[in-house]
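Kindly generate the complete structure, drawing on both the sequences and the hints.
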Amino acid sequence: MPSSVEDLLHELAPQVLGALVRRSGDFDAAEDAVQEALLAAALHWPREGVPAKPRGWLVQTAERRMIDQWRSEQSRRYRESRALLQDTPRRAISDQDDTLTVLFICCHPVLTPASAIALTLRAVGGLTTAEIANAFLVGEATMAQRIARAKQRIKASGVPFRMPTPEEQAARVRTVLHVLYLIFNEGYASSTGRELHRAELSEEAIRLTRMVQRVLPDDAEVTGLLALMLLIDARRPARTNAAGDLIPLPEQDRTLWDQALIAEGVALVNRAMRNGAVGEYQIQAAIAAVHDQAPRADDTDWQQILALYELLEQMTGNPIVTLNRAVAAAMARGPSAGLVLLDAVDERLNGHYRLDAVRAHLLEMAGDTEAALAHYRAAANRTTSLPEQRYLTTRVARLLRDDRSHAGRGERPR
Amino acid sequence: MTRYLLVVNFEGGVVDTPMEEWKPEEIAAHLDYYKALHKQLVSSGELVESEVLAGPDVAKIVTSDGVIAPVVTDGPFQEFKEWLAGYQIVDVESEARAIEIAAKISAVPGPGGVATQQPIQVRQVMERAPSNVAEMEAFLQQVGGEH
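Which chain is which? The protein sequence lines are A and B, in order.
Quick note on this note's numbering: the first sequence kicks off at 55 and runs consecutively.
Quick note on this note's numbering: the second sequence kicks off at 1209 and runs consecutively.
Simulated from the structure, these hints should not be mistaken for laboratory data.
Facing chain B, according to a computed beta carbon distance under 8 Å, are these residues of chain A, among others: (1) Arg203; (2) Arg252; (3) Ile286; (4) Ala342; (5) Glu442.
Remember, predicted model here, so these are calculated numbers, not experimental data.
Ideal placement from N, C-alpha and C gives every residue a C-beta, glycine not left out.
Spelled out as structure tokens, the structure:
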């Protein structure tokens, strides 16, 4: 399929779904019908050309499928209980409103994050169930069931197809942003070969966040999240080596960073922080921007990063943020300044591998190799993330090698 | 969602009698129990994969140095009880849910309808993604580098 047709279908998918749900009131059936209409378009349009009104074509095709579906399989009682056309006020509703309303439904708090992610990718992203299953490394049947159950759950809880009220809006936008962030997260560490289908998840998250940002340009956290994604994604070409292993920031080849994405991200975060209340995503984006604007690792403004983490810590009270603050403190003022901060969260993060990982780094900085090794190993044994485990194991191997060569000793068994 | 591998070996739990010596209705009850559990996990969308494996009689061990023809032997294998008999991969919300499913597998009825109490290993499948982008980024900000 030519990418222009594919892009068009991705853009139109949530609008068509929105139009159908608004008319029929049945999210479940509408979603199935839209999937079929998208498949039909993907089949016909590249050969026969894109119709003059592609959106109208899709709405009409999906609507016919829906009616066929009802005629063929639903009981008479069911048909009578639901009028195809609901009495909804015929006010002008923009396509963008529909897209956003669909997104709000897919990220509704009645759904678990995993269900919301799957449903969002299918209903708003226009991805097929097989594509989503692939990206999440589960069977297609498993993913199909998860999507079906998510739709049943929405149906059962009677979530209305409308924009949240102004009072609900802030909390609901937060849920949407969280889901988009999780999608971005899933694609973060992958960039090569067999991991490609996962890297596309990050692109999809960015595309969807752009869409939300176009509709809610004045929401500073939406802008902040988009900036954060762009500023992190700008480093993608430099973040992994050919084997797919993570490369730490100071070792990354900064000439590979995408300067256009950085410029866009920096402009967005500046704009977001000028307007309105400062939120978590904006601060994280601001931190990413400081890194991205340093031509060399040594040029990094750690004082500013430290100040931003302090702000983030006050805002969230999250002990994990304290770990990040400890790293920044160590970089700005030396390892002992960081280690002191770690002692303060020892109790709250007891046994958490991230505490071991950060402590290991700071001990390494302080030159205490033995203690650093013990904490690196503890962290590597406890993490359940493959890229993190590879990274930590490599640190252990390096430290052992350097230790040997510095001590002038020969090979020695571990 | 997190994936877990649930592994069952040929370790019989509290049951010593080989299955061929069970009463036919006991075997039927045993298999029906598995079938019902399988159906539940499919409909909840949690089952990713489930397989039962053939035994040691048809198993091979392959070793190769990548240069000459691989060496294929019929053993040696570990003790029969330690043999992998089958596994399920489930994709669930929490470790607690994985343990709950494992407990159901372990409680499969044997002779006399008594739970076999076969030991089930619960092994988390590693994630391909970092646990959190922001944390991983902070993590990668470390001094690091070749010393």
